[in-house]
Amino acid sequence: ETGVTQSPTHLIKTRGQQVTLRCSSQSGHNTVSWYQQALGQGPQFIFQYYREEENGRGNFPPRFSGLQFPNYSSELNVNALELDDSALYLCASSTATSGSSYEQYFGPGTRLTVT
Amino acid sequence: DQQVKQNSPSLSVQEGRISILNCDYTNSMFDYFLWYKKYPAEGPTFLISISSIKDKNEDGRFTVFLNKSAKHLSLHIVPSQPGDSAVYFCAASRGSTLGRLYFGRGTQLTVWP
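Going down the list, the protein sequences come from chains A and B. Quick note, the first sequence lines up with residues 1 to 115 if you use our numbering. Quick note, the second sequence lines up with residues 1 to 113 if you use our numbering.
The hints are simulated quantities; they were obtained by calculation from the structure and are not laboratory data. In this text the structure is predicted, and so the values were computed from the model without any measurement. Ideal Cβ placement from N, Cα and C applies to all residues, glycine included. Treat the hints with caution; some may be incorrect.
Stated by the list, open to error - Chain B is faced by these chain A residues, among others (derived, beta-carbon under 8 Å):
hint, residue
1, Ser27
2, Gly28
3, Thr31
4, Leu39
5, Pro43
6, Phe60
7, Gln104
8, Gly107
Only chain A is shown next, with the shape it has when bound in the complex:
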């Protein structure tokens, strides 16, 4: 069974640029969630995708957007990068039953640094 993978591992961008982060879900999982973990904080929910549709969103501005593909892999796009976007971005996959997907399995994350 293949776990959750994310790419790239590390990324350095300049303020104002755009970035795309990628995630491959664990085999058999149809739901993917994205989280932002700032230094010294717990992961903060960005949004979740289920069957290629956004299925819930946290308190993040519209410049954070995502996609889920038919094979359940996913992308997180961030436009107009700000210094505060520097964080570890975590992707988590799960299998939704009756709309709930509590036990989420995380990838290793992408460390984004905005300068």
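Got chain A sorted already, so can you dock chain B onto it with the hints?
Leaving out everything else, chain B in the frame of chain A:
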């Protein structure tokens, strides 16, 4: 607004002893609680969970206790092992949010020989 709180940033325990990690929450609508363990350079790993209809769940060396009236849960690790040294996150969810997890800030557990 931090709805899940872990007030102890660190805990140090001798190998073989019990580790008790604590977590408080403010939202009475939470109905499912989870603990994750995180090693450096890795993503959080699911450890154990508990539904709000229970007050205890056990899995090997790990037991989670839930006190709904106090809005408090704890993770007990017995006996503690050096390999348990990691950051432990408490997380909570409610059915209406379709699996969104609310995390605490984590507790760094160090188990020394």
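Find the hints from earlier in the document that the structure breaks and name them by number, from lowest to highest.
-> 1, 2, 4, 6
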